[in-house]
Structure formats: structure tokens, C-alpha cells
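Chains as they are written, first to last, in my numbering: chain P, 1 to 331; chain X, 1 to 331; chain G, 1 to 331; chain Y, 1 to 331.
In case anyone wonders, no lab produced these hints; they're calculated from the structure. Keep in mind that this is a model prediction, so the values were computed, not measured. Keep in mind that the hints are not guaranteed to be accurate.
Heads up, the list lumps identical chains together, so a pair's fine if it works in one copy or across two of them.
[Unchecked claim] Distance condition first, Cα-Cα at most 20 Å in a straight line; then the derived SDA-like pairs of lysine to any residue:
no. : residue 1 : residue 2
1   : 275       : 228
2   : 71        : 110
3   : 173       : 31
4   : 142       : 324
5   : 71        : 19
6   : 142       : 72
7   : 293       : 235
8   : 168       : 228
9   : 289       : 98
10  : 173       : 231
11  : 71        : 181
4 protein chains.
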Amino acid sequence: MNSFGRLFRVSIFGESHGPAVGIIIDGCPAGIDLAPEDFTTDIERRKGGTQKGTTPRQEADLPIFQSGVFKGKTTGAPLTVLFENNNTRSGDYEKQRSFPRPGHADFVASKKFGGYEDFRGGGHFSGRLTVCLVAAGVVAKKVLGAVDVKASILEIGGEQDLEKGLQKAIDAKDSVGGIVECVVSGLPIGLGEPFFDSVESVIAHAAFAIPAVKGIEFGAGFLAAKMFGVSHNDTLLDMEGHTESNNAGGVVGGISNGNKLVFRVAIKPTSSTPKEQESLNWETGEVEKFSIKGRHDLCIALRVPPVLEAVAAMAMADLMLLEGVRPRVVQ
Amino acid sequence: MNSFGRLFRVSIFGESHGPAVGIIIDGCPAGIDLAPEDFTTDIERRKGGTQKGTTPRQEADLPIFQSGVFKGKTTGAPLTVLFENNNTRSGDYEKQRSFPRPGHADFVASKKFGGYEDFRGGGHFSGRLTVCLVAAGVVAKKVLGAVDVKASILEIGGEQDLEKGLQKAIDAKDSVGGIVECVVSGLPIGLGEPFFDSVESVIAHAAFAIPAVKGIEFGAGFLAAKMFGVSHNDTLLDMEGHTESNNAGGVVGGISNGNKLVFRVAIKPTSSTPKEQESLNWETGEVEKFSIKGRHDLCIALRVPPVLEAVAAMAMADLMLLEGVRPRVVQ
Amino acid sequence: MNSFGRLFRVSIFGESHGPAVGIIIDGCPAGIDLAPEDFTTDIERRKGGTQKGTTPRQEADLPIFQSGVFKGKTTGAPLTVLFENNNTRSGDYEKQRSFPRPGHADFVASKKFGGYEDFRGGGHFSGRLTVCLVAAGVVAKKVLGAVDVKASILEIGGEQDLEKGLQKAIDAKDSVGGIVECVVSGLPIGLGEPFFDSVESVIAHAAFAIPAVKGIEFGAGFLAAKMFGVSHNDTLLDMEGHTESNNAGGVVGGISNGNKLVFRVAIKPTSSTPKEQESLNWETGEVEKFSIKGRHDLCIALRVPPVLEAVAAMAMADLMLLEGVRPRVVQ
Amino acid sequence: MNSFGRLFRVSIFGESHGPAVGIIIDGCPAGIDLAPEDFTTDIERRKGGTQKGTTPRQEADLPIFQSGVFKGKTTGAPLTVLFENNNTRSGDYEKQRSFPRPGHADFVASKKFGGYEDFRGGGHFSGRLTVCLVAAGVVAKKVLGAVDVKASILEIGGEQDLEKGLQKAIDAKDSVGGIVECVVSGLPIGLGEPFFDSVESVIAHAAFAIPAVKGIEFGAGFLAAKMFGVSHNDTLLDMEGHTESNNAGGVVGGISNGNKLVFRVAIKPTSSTPKEQESLNWETGEVEKFSIKGRHDLCIALRVPPVLEAVAAMAMADLMLLEGVRPRVVQ
């Protein structure tokens, strides 16, 4: 299903070159202030358009409310937001269709949907739809109230100096990956369920909805696998749950423990690289060299922070509503 | 919720020191051969009891069918399996209750459930319940038919020589973590959905249901963050979807691509270490030194492979039923 | 939640006087022919505008595809359809707001959503949204293939001669209710689940989504309560499941039995009656007489048949996909 | 799926002649007093064993807690209750297998599950499983707190004098149906959702889980179809939502309105009648006369009240948790 959440349920729809992409949020509490301007900051952050290494496709990305907002506040009814697609050049993609682009969903989409998929610009699989995630995140952050969600880039192309990492890509005329960290502060103790709906399960489920995420770790993460128990265990200091260290990343037994929720995701290099590649030519049946036309992000990780914040916020908003921490009506 | 899956839905229940733990599988296809002996291998693998570094609590762990099996075959009705708890010593835990054990759910469970939780031996949060996961996995593997799911330990305590890693723990009188890899072969192309129900989302959701998992990565995983695009992209070779390399770990655009599904999880060191630790004493309100009595696994990663296979099999069985690849009745 | 179905999941959104109402269908199989014209017949049937006793609000009701359709066929991605609201006169409703209209959701909506609801014309509770149900039904009927869904009015105002029933309302200057029957032919045996997802449970769940439905019965229905067992039991005649009579209405043990699925719903009289009524005046706190301005349906039952067909088709499409009777890709 | 509810989720399992039947409740709040004795009254009411016209199969029906209860209170973890099957005579049913019993699921179960179903005594389709519903209802009623749920028989075999109705069955040596009404008092305003999760949708979904229910109506129900609008509309009297009449049965726009929730169900006559019947003989392929051996209820409606209360309580408990009216932890 293209939806996420049990009480704060986000559904996304749209294709890269269709008339619009958008979201429905079912279960959004009533009485939250919501204006188009509230979306500006995160949507601009996602564009990353003024940075080196990001694609020049520029959409206005103005949120158009179709339902669920009245007199500047959410009504409690399903909230629908559209983003029109204006800046599309479908011709580019029709020509490229003979080669399933490596790293993209072209091949699997064709197999899964029997060739009926809208293949233009990646169709429903396009990174374009991350604007929908960001929009859902804007609303989710409002539901979270004082809880703060903040993501930042830790490294690009293996370099913690981000300029340096990007320059590597420019020099190599290739794309690069990166690592993004997200920190959520102010969560109550007790979110999540043991086993199947652990906080890690829910966050990871949401994070892997972001195209290009190939790994996730909480707290010490993969490093924990190399640690001794006494070093990894976080000593409990007080009844508010504060711990000396935070190797657990704020989650113990699948439940939030009152400390900062900390997790990192691995972002693969942009699949659309300027370099010549090889792939099967569907028409000839041969593996051939080809190049992807058009301009693409050298490093998609640069755009990930607001998207990662968004899915984290959605996941946390849902857990908070499930736990009854947030009311159905804001007053 | 303590359940997983949409068509092949597994629910687990029970506490470490209650009368029994168990599972219900709702949506298991009819006509699958199922006998108590089918559970033996994976349940024994989970015990790890003959290995250095695993706990001596030995349960017979005989699966007791309560419903859903008739004349040696699944009926299509909900399948219920119990495992009785015989080998429990609750007294051990009553004494230890004054200290919330670091790394365990003692503190968060008490906060979440208002002190009403069954705290004996970790209660519902106990690793004991992984026998339920293993049992669900036994059934799920049968649903998967020719699809093969195999997990193995890659490293212990940072060492690829597992004996050496374990010896480190024994020498340090402390516990250690490890890394476990799972490979699923024979999956059809097209499982998973774009965005919220990507194969990675679903597998990660399931994997983080295993206590002690703190990270997951697919294919090249975190290494992908340091790679160039052309090196990371897997060249498509034929219409069956085979690729030259498998940096994607068998998933592109969230969809299975016909190659091996490969993922790894980071297992934290066992929280119950023999070493002296510090924690808040709930009675005195002071942070004090204490030791965990009883014998525990030095390295819980040793027991993880059959559990990881189980959750992967559950996730894949569900996706295959969702895609209509497996019939509701086996004939 | 404002969604229905597990594999063929329909979500509806919009308010009577917002910019648009619409649906998302998640899980619609790929490869189904779908054009705006396909919606015309059922949408016109719903309008009932040329009949005596139906409201003159006339919307063009042209379906606008936002996603999920490409080159005239469904793609397998979420299918979004909008219907713009053009013919609205909000002023009418602002004035009436002091009286919660009896039979309408005005009072409960205000309580449930804290006064933040869009109250214009009933907002999200408006019968206007049944155009969304009808649209979902158009798609669902296509998924059903050769299965036929047909609803018809059995009686109006207690009269089987519908003209006579309607004349009663006109004479009394009041609204009247009615009974609508739906027959589904060509269903396979085996849909539905014992207990919680019985065919009756699923159909009833869907049918009560239609505003004004206050009862539902299958086969002999309430009459069955007065029958003897031997008269009620339907004698099985052959291995295709055909029975001599159909008192069960095509469902036994919650499962479709190969006969026609037959059910009836009771439709209450239109709540907005031309007659003077009493209600609490929110401003004065007194129960006062008032009249509902504007023109409304004298008998909403006249518009129900295509809506009832729609929800039945949605329910059956979902059950057929769950049972694997319909493929995910049409070829 | 054999489960119901979104936050208070009940799953049932078991077969008439298997070792046990039972329930899991996932999402039951912590801190509720729960003892085996709490189940006695409703379980005894369900037996109806001392009345004329009820079956003599007598089970002890002692609830056996497997999980989720500790020190006499619910823990917040999944609550599992077993009822052992002791009083079974499978031999009776093996003999009868050649004839699919009219009104029973024998035929459809065989088709749906490919012949793998446990057919003894109706297997998973047996009325035996209503003890599970009753047990879930006992817990649900505790979650409801001061909300009162009470069901009673309105008529038997078309007679409001129940003795007379039953005598009709005895005289005719046949079974009879009946009508049962349920009234829920003390519900808050605002439960339910517009459209797909209306209170009527959710209650009807639950009620049709009871074998033998063939119709349901709310408030005036089918009679509403014959009424004028002004007579049917309930005049609002005060800001607590009280209305003069209750033709709506406590639900307007799908939402609870603060009045008594009133609904009635039609119960078909017991399918296992003492009278000779006809059905297809699976072995000969001919329609033949046969009689059902053993003793059965003359009127299953006699046992329905506690079962109907149970499913109503489950549905309402879920809606109250969804609305946040009940806390996750009772204190």
C-alpha cells in the first residue's frame, strides 16, 4: 500500500509527469493552524537548488489544499494537498526508454505492472514524490508540538567536509552517496510496542520509503556489533529516564526511553550519473553502453534531510496519537 | 500492535515466566504439511545451547498446536502454536527488581504500562519470545516453497573468526555483539511497493522486531554512501533481471529485482553482562553499582540466525501472498 | 479512517463547499481500461435530476484523473480522481448555522471536531461525497469483470408503486424513505472469512458508509426470524453450489456460496424536509421552530441505487483480490 | 482476517473438536482487574442450557489465561485466553460428512479451503467459537467502564411471548429464529467516523461475525423507510445532545450523538433442525433426504444476547480507544 501510519495515515499519489502529485492525511487532529506558507521552508530545503550538485528542475511547489482545511485550521477530515507538475519534459524520457536505467525502477516497474506503468521520468517511483513526503512532514511536525526533529548531513562521498565530498563527484564526473543523521528531541517515554511495532521498526519502515536509503542504524548502530556489553549499556541516571551515554539511540526494548532518538541512514549515490554506463537494451536484447541525458543531482543526499525529518515526524506523530499523548482535537 | 503482515499475519503473545508463549498465524494457506518435527531444526539452532557463550536455560520447546492443523496439514483457519514455559526461576527476578537493568526494557515497560507489566524475566519483552518468531518462520518458509532463506554470522565482537570474537568476551568477562547476514534466493521479481511498503521497509520493520537489532543494511548498505554512482549501479544483463554485481541487495525502487536479497543486521552485545554495572536504584533513588545474577548469553548474536531467517521469511511470505504469487490453497 | 478495503483500498476526501471532492484507490490492478466517459452513466444515475423529488444542485461531475491512469489504462499506482465543486451557495448555510439540523451531522460534527469542522453544506459529511463512492464503484465494477452488480428501488414511502410513494411526499410536503435491493450475480464460491470478515460483515460495513442507510438484511433477512428451520434452509442441488431457494442471500457461514448475493437496505427519509421543524437554537439555548431553506431531495432513496452498487462492488472487488481470484495485472 | 478492531484488536481461533478455542486481545489497556470469575455470568448466559430449546453440549468453559494478566490485572501485553474442548463426540460428524448440511458452512468451507478444513462439528465455523466472542466481550465491557451494554430477546418464531414462540418450534419439531435488541447507554458524543467507519458500519461489521445473524437495523431501522422526514427526525433538546425521540438509534452522520445506541439483529432459525431435510449427497451426486443426528438448539437466538453484547462492546471499546476517551493505562 502507498500509505503509512495507523492513526495519522499518510497516502501519497502521483507521477513525475502527471498533472500533480499529492498526499492525503487521514486522522490529522482538528484545530491545527495550517497555511501554504508553513510548507515553504522545508520544500525549499528539499530543492537544494542553489547548491552545487543538485538538479535544476525547479517546480514552484505551492501546496494546494483540496480538503481538510477551513478558516486556516485543520478540520479533522481528510487533508488533501496537491502539488502541480509544471516543469516536465517528457520527451527526454520516451527516447531513453529502450534502456532500463541501472539503479532505477524502470525494469522492476515494467515487470510488476505488466508494462502499464507511467514510465515518464520514473512515474510513480520518481524522487519527485518526495515533495509529498515533505508536505506530510510539515503537518506531522505540527502534530508533534514541542518535539523537535532535525536532520543533517554527516558525510558526502565518504568525506565529512561536504564541499570536499562534492568536489570528488565533480572531479570524477560521477555521482556520490552520503550519510544523513536525524535527531528527535522531546519525545515522551513509552512510544512504540515490543516486537513488531518497535520504534525502530516503525522509523525504519518509514525511512526506507525514501528512495536511495540503503541502510539505517540507531544510536551506536553497527558499531554496537563491535562493542562490549558494559560499554554499550547506557547507565540510567534518573526517573525521567536520562542516561549517561546514548548508545541505544533513545530506544530500549523497542520503546522510547526519554533520551534523544538518534538514527542515521545511508544514501546511495544518485543512480542517474553523468558517466557512461551499461544496461540491457530492451530492443536489441544486448548489453550496451549508454548515457543518461539531462541534468541530475550529483548527490541526492543533499536533499534528504527535510525528507528524513518528514518521515520521522510522520512515524512519531502516529506513535504519539496511538499512545494518546496528542488529543484528536487541538484546543 | 504485536502482529505483523497483511495477508500472512503473525501475532505473538506470552511472557517469559507465564504459562506459555505462542503465535497465531492468520491467513496461512490451507493444505501445507505441518508436523511438530518440522520445528525441531530451527528451534534447536535458536537455542545455541551447546555453544560457548549461550545461556543454559533449556526449554523442551515442543510446539503444541491449538488450532489450524488437521490430519497433518494446515486448514486455512488461524494456526495457533503454544510453547510451554517450564524452566523458569522467577525468584531470581523479584530480587533484582530494584534496579532497572541497563539495555533492558525494565524502565520503559514500567513507564509505558504503569507498573502493571509482568516484569519477571523481562515479561513480554523477553528474548524467550523469539521462539515464537522462529515458529512463525518455520511456517513462513513452507509458504515460500522453493525460495531459500539462509542467515549466517559474519562477525562476533568485531572478529570474523568467531571463536576469537567469543574468546574476547570470555577474557573480558563481558558480552559482545555481532553482525548477521541473511540471503534470500529464488524470489520472484516484483515484490514490494514503491515508497511505504518497499521490500526494505517491510524487511526492516520485521528485523527490528528482534530484540538487540540496532541496524540494518541492504546490499552494499552503508558502504554505498562512500561509493560513486557508476560503481554502485548494478548492470542489468538479461530479461530475468540478473545483474553483474548486487550492490542493491536485490531491491531497486523498493521492488525485488530477481537477484538475491541480501541484508545484514547489527546485533548489540547482550545487555545482561556478567560485569558489574551501574543503574538507578528505584528504592534509594541513587545510581549504584550492581551485578546481574544468573547466567546469560555472552553473545546473543549466536542465536540470531534462525530468528532473522524467520522474520525475513514472514515478510517475504506476506509479500508473495499480496502479489498473488502463492495460492490460498496448496494443491 | 475514511478508507475501505484491504487490497483494493478506497479513500475519500473533500467537503461540500471546498474546491473539490475525490477518491484515491490504492491497489487497483494495472491494465484496466479507464476513461472519463466510463463514469458518466453511474454519475448521471446518482443525480436523479430529471426525476420528481430530487434536488436541483447540478454539478458537471466530470472525473479529473490526477494519477494512476496512463494511455487510457490503470497503471497499478494509486488512482486519484477529483470532482470539482462549482455549484455551491455557501451563504445559504452560514445563515442556518444557529440551528443544528435534525438528522444531519451538524451537532455531532461540532462536538467531535471541536467546532473546527467545515460546516458549509454539511462539509465532509455531505451527501455530495457519494459521487466519490460512485466513482470508486465504477472502477470496482471493472475489477469485478463478469460479476454483475445491480441495485433497484423496492419501495418508496412504504409503496411499491414508486410514483405513488413520491406523490405521498409531495402531498404531505415532507420527505420519505425507501428500500433499495442489490443483487450481485456471478460471484465465485469462497469469498469472505468466517467470523470477522464475513461477506455480510464486509458488505454491511460498506453499505452503512452511505448516509441515510439505517438497516441491512441478507436474503430472507428479518423475515428469517419468523421462519422455521426447514423452510429457511436452502437445499443444495449440485457441486456448483446452486440451491433451490435463496433465503441465505448467497452467503452461508459468512462465505459466498455460488448463488446470487441479495441484500436490501433501509433508507431513512431525507433529513432536510420542507416542513417546519424544531431544534435547539445554539445562540438562544432554546428549542425553537425553524425551516430549512433551499431545495432538497424529497426522497434520497431515489439516488441510492448507483451508490449501493458502488459500495457493494468495492467490497466484492476487495474480497476477490484477497482471495486471489483477480490478478494484480490485467492482461 | 479473523480479527476485529484497530486499537482493541480481538483475534479468535480454534475448532469445535480441536484441543481448545480462544482469543488474543491485542491493545487491551493495562491495569484492568481480570479474574476467571469475571467471565462466569456471560458464559453461563451463552450456554442457555437450562432453557427449553438449547443444546445439551455442556462445556466447563473455564477461561485459562495464557498471557497478559499478572497479579490479577491486565498488563498491556497481548491477552490470551483459552477454553478447552472436552465435550466433543467427533464420531457423530464423520458419519454425516457425506451430506453438506443446509445452512451450515460445510459446502463453502470445503470449496474455500480445498477440502483441508477441519470439518468435525463445523470446525472453525462452529458456534462453539462464540464463547470466544463472549470472552472478548467480558474484557471489552471492562474497558467501557460506566458504559452499559444490554441485549435482550424481542421475539422468537415471530412471537413476543417467548414461551409461545418456543412451543411453536417444539410442536413443529423444527427450529425457529428470533430478533435480539441491544442497547448501549452512556456512550460519549463523537465516536465513529463519517463514511467508512461510521458507528453503524463498525457495529454491523461486528454483529455479522455472529453466525446466524442475517439482518441489522438501527433505531427505527426498516420502519424508517416508511416514515416521513419530520416524524423520523429527532428533535435536539440540549447541548448534551439529548433528543426527544430516538429514531436515529443514537447515531447521526455515522457518529454517536449522546443518546442510547439501539440496534436489533435478525437471527435465522437454527440450521440443524430435527426435521428431515434434503441436500446433495457428495458420494452419490444425488439430492437425497437425510436427518441431522444429535441434539441441537431449537432456537439459537436464545443464546445470542451475551454474544451480541460482546461484539457491541468490542466495537465500542475500539472506538473509544480510537477517540482517546479511554487511557492506555487504567489508574
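Status of each hint after checking the structure:
1. Only between protomers do residue 275 and residue 228 lie at most 20 Å apart by alpha-carbon distance; the minimum there is 10 Å, versus 44 Å within a single protomer.
2. Within a single copy, residue 71 and residue 110 get their C-alpha atoms only as close as 44 Å, which misses the 20 Å cut-off; across copies the closest is 15 Å, which meets it.
3. Taking the shortest alpha-carbon separations for residue 173 and residue 31, neither the intra-copy value of 50 Å nor the inter-copy value of 40 Å comes in at or below 20 Å.
4. For the identical chains of this complex, residue 142 and residue 324 are neighbours both inside a copy (16 Å) and across copies (19 Å), given an alpha-carbon limit of 20 Å.
5. In this assembly of identical chains, the alpha carbons of residue 71 and residue 19 lie at most 20 Å apart only when taken from different copies (14 Å versus 27 Å within one copy).
6. Proximity of residue 142 and residue 72 under a CA criterion of 20 Å is satisfied intra-copy only: 14 Å inside one chain copy versus 39 Å between copies.
7. For the homomeric pair residue 293 and residue 235, the shortest alpha-carbon distance between copies (18 Å) is at most 20 Å, but the shortest distance inside one copy (54 Å) is not.
8. With identical chains, the CA atoms of residue 168 and residue 228 are at most 20 Å apart between copies only, with a shortest distance of 9 Å across copies and 36 Å within one.
9. In the homo-oligomer, the alpha carbons of residue 289 and residue 98 lie at most 20 Å apart inside one protomer (12 Å), although the nearest pairing across protomers, at 67 Å, exceeds that limit.
10. Taking CA atoms no more than 20 Å apart as the test, residue 173 paired with residue 231 passes between copies only; the shortest distance there is 13 Å, against 43 Å inside one copy.
11. For the identical chains of this complex, residue 71 and residue 181 are neighbours neither inside a copy (37 Å) nor across copies (41 Å), given an alpha-carbon limit of 20 Å.
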